[in-house]
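A.B. asks: The sequence shown lines up with residues 1191 to 1517 when you count with the working numbering.
None of these hints come from the bench; they were simulated from the model.
Computed from a predicted model, the values in this text were never measured in an experiment.
Please note: incorrect hints may appear among the correct ones.
No farther apart than 25 Å at their CA atoms in a straight line, the calculated lysine-lysine pairs in the DSS-like style are these [to be verified]:
{"id": "1", "residue 1": "K1208", "residue 2": "K1337"}
{"id": "2", "residue 1": "K1261", "residue 2": "K1208"}
{"id": "3", "residue 1": "K1514", "residue 2": "K1487"}
{"id": "4", "residue 1": "K1428", "residue 2": "K1492"}
{"id": "5", "residue 1": "K1279", "residue 2": "K1261"}
{"id": "6", "residue 1": "K1412", "residue 2": "K1261"}
{"id": "7", "residue 1": "K1487", "residue 2": "K1261"}
{"id": "8", "residue 1": "K1487", "residue 2": "K1428"}
{"id": "9", "residue 1": "K1279", "residue 2": "K1337"}
{"id": "10", "residue 1": "K1428", "residue 2": "K1514"}
{"id": "11", "residue 1": "K1487", "residue 2": "K1208"}
{"id": "12", "residue 1": "K1290", "residue 2": "K1279"}
{"id": "13", "residue 1": "K1261", "residue 2": "K1514"}
{"id": "14", "residue 1": "K1420", "residue 2": "K1337"}
With beta-carbon atoms standing in for the labels, derived distance ranges [as the list claims (entries may be wrong)]:
{"id": "15", "residue 1": "K1428", "residue 2": "E1207", "range": "35 to 45 Å"}
{"id": "16", "residue 1": "L1460", "residue 2": "Y1241", "range": "33 to 43 Å"}
{"id": "17", "residue 1": "E1391", "residue 2": "K1492", "range": "28 to 38 Å"}
{"id": "18", "residue 1": "D1495", "residue 2": "A1389", "range": "42 to 52 Å"}
{"id": "19", "residue 1": "K1428", "residue 2": "E1396", "range": "22 to 32 Å"}
{"id": "20", "residue 1": "L1323", "residue 2": "G1260", "range": "40 to 50 Å"}
{"id": "21", "residue 1": "D1495", "residue 2": "K1420", "range": "39 to 49 Å"}
{"id": "22", "residue 1": "K1492", "residue 2": "A1399", "range": "39 to 49 Å"}
Glycine included, every Cβ here is placed at the ideal spot set by N, Cα and C.
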Amino acid sequence: MSRSAARITAIGSYVPEKRLTNLDLEQLVETNDEWILQRTGIRERRIAGEYEFTSDISVSAVQDLAERYGKSFDDVDLIIACTMTPDFKTPSVAAMVQAKLNIPNAGAIDLNAACAGFSYGLQMANGLITSGLHQKILVIGAETFSKILDYTDRSTCILFGDGGGAVLVEHDADNPSFIESHMGTNGALANNLYCTDLAGEMFGEELAARNVVWQNGREVYKWAVNTVPKGVNALMDKAGVLPDEVDWFVPHSANLRIIESICARSGLALENTIYSLEYYGNTSAGSIPLSLAEGVKDGRIKAGDQLLLYGFGGGLTHAGMLVKWSI
């Protein structure tokens, strides 16, 4: 990566009020709290209201950011909303955020890289600011997965929740946040994790489920625990950083068993890993910003810390970056 001129200057987050616990799920599908906790590490997840959508979660996260850091958005020149559960096909979530917050002169785009979305969004913001095309960008990762779940399918409905977070990325050539990045895709495996839209078949084969998230958990697990550690190590190698020089590992909060395996295979310490899945579940593009926000709020993440962020999921896509936290 060429030298960055972009810095993360503020962070905010939001989750809906309604909780869906493992005990609640026992009433919906054949499962139990012990089984879910043992296999996923998830205790509960948040569920958006009937009329609460991804743009609403995004706006609340940005408002939290503004309140915590006293930031103004009058000079924000781009909004990147990372999500795979937009309110509409068009307008974009980012356009809805622009309207609801009355941001006067910002471009607005949605980015769909599923659970790797927030990492991709940060990479894009860094590139656009470092190139000089933009000066101040809001990057949002938010989802309302509960609206595309089949609550009779215990393999998926136990995993996902709703919520999100946002960061402000500003031009700062003297104290940049972004050190190195790595990304990749294996689209040939995309039929192991999908949610249909206009097409009902992929690679010439009819898909098993329509308009809800479907995944082959075993195959996604195998892909993640083989691919992500290699990506993590490639990222550290490019940056010339050893595992014990990473202060905090912040992976996508997919499943605690996956995170444990990634740590074991990459040499990163599980005790220095921050995840948000225990009380929020898998929030896809929202999981890394939620984890970051939790780590900042409870004092684990401090200015000067070196963080390794890594997102992975539908696509099948993955993206990671090494970041110096300087808020």
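A.B. asks: So does D1495 sit 39 to 49 Å from K1420, Cβ to Cβ?
C.D. replies: Since the Cβ atoms of D1495 and K1420 sit about 24 Å apart, the hinted range of 39 to 49 Å is violated.
A.B. asks: Given the hinted pair K1428 and K1492, is their alpha-carbon gap at most 25 Å?
C.D. replies: Within the cut-off at roughly 24 Å; holds.
A.B. asks: Given a hint of 28 to 38 Å, does the C-beta separation of E1391 and K1492 actually sit inside it?
C.D. replies: 50 Å Cβ-Cβ, so the 28 to 38 Å window is violated.
A.B. asks: Would the pair K1261 and K1514 pass a check requiring their Cα atoms to be no farther apart than 25 Å?
C.D. replies: 20 Å, holds
A.B. asks: Given the hinted pair K1261 and K1208, is their alpha-carbon gap at most 25 Å?
C.D. replies: 28 Å, violated
A.B. asks: K1487 and K1261: Cα distance at most 25 Å?
C.D. replies: 17 Å, holds
A.B. asks: Hint check: K1420 vs K1337, CA-CA at most 25 Å. Holds or violated?
C.D. replies: 33 Å, violated
A.B. asks: Would the hint linking K1412 and K1261 be met if the CA-CA limit is 25 Å?
C.D. replies: 42 Å, violated
A.B. asks: Per the hint of 35 to 45 Å, is the separation of the Cβ atoms of K1428 and E1207 within bounds?
C.D. replies: 42 Å, holds
A.B. asks: Do the alpha carbons of K1279 and K1261 lie within 25 Å of each other, as the hint requires?
C.D. replies: With Cα atoms ~30 Å apart, K1279 and K1261 exceed 25 Å; violated.
A.B. asks: Are K1290 and K1279 close enough, with their CA atoms no more than 25 Å apart?
C.D. replies: At roughly 18 Å apart (the allowed maximum being 25 Å), K1279 and K1290 satisfy the hint.
A.B. asks: Would the pair K1279 and K1337 pass a check requiring their Cα atoms to be no farther apart than 25 Å?
C.D. replies: 15 Å, holds
Checked against the numbered hints given earlier, the structure breaks hints 2, 5, 6, 8, 14, 17, 19, 20, 21 and satisfies all the rest.
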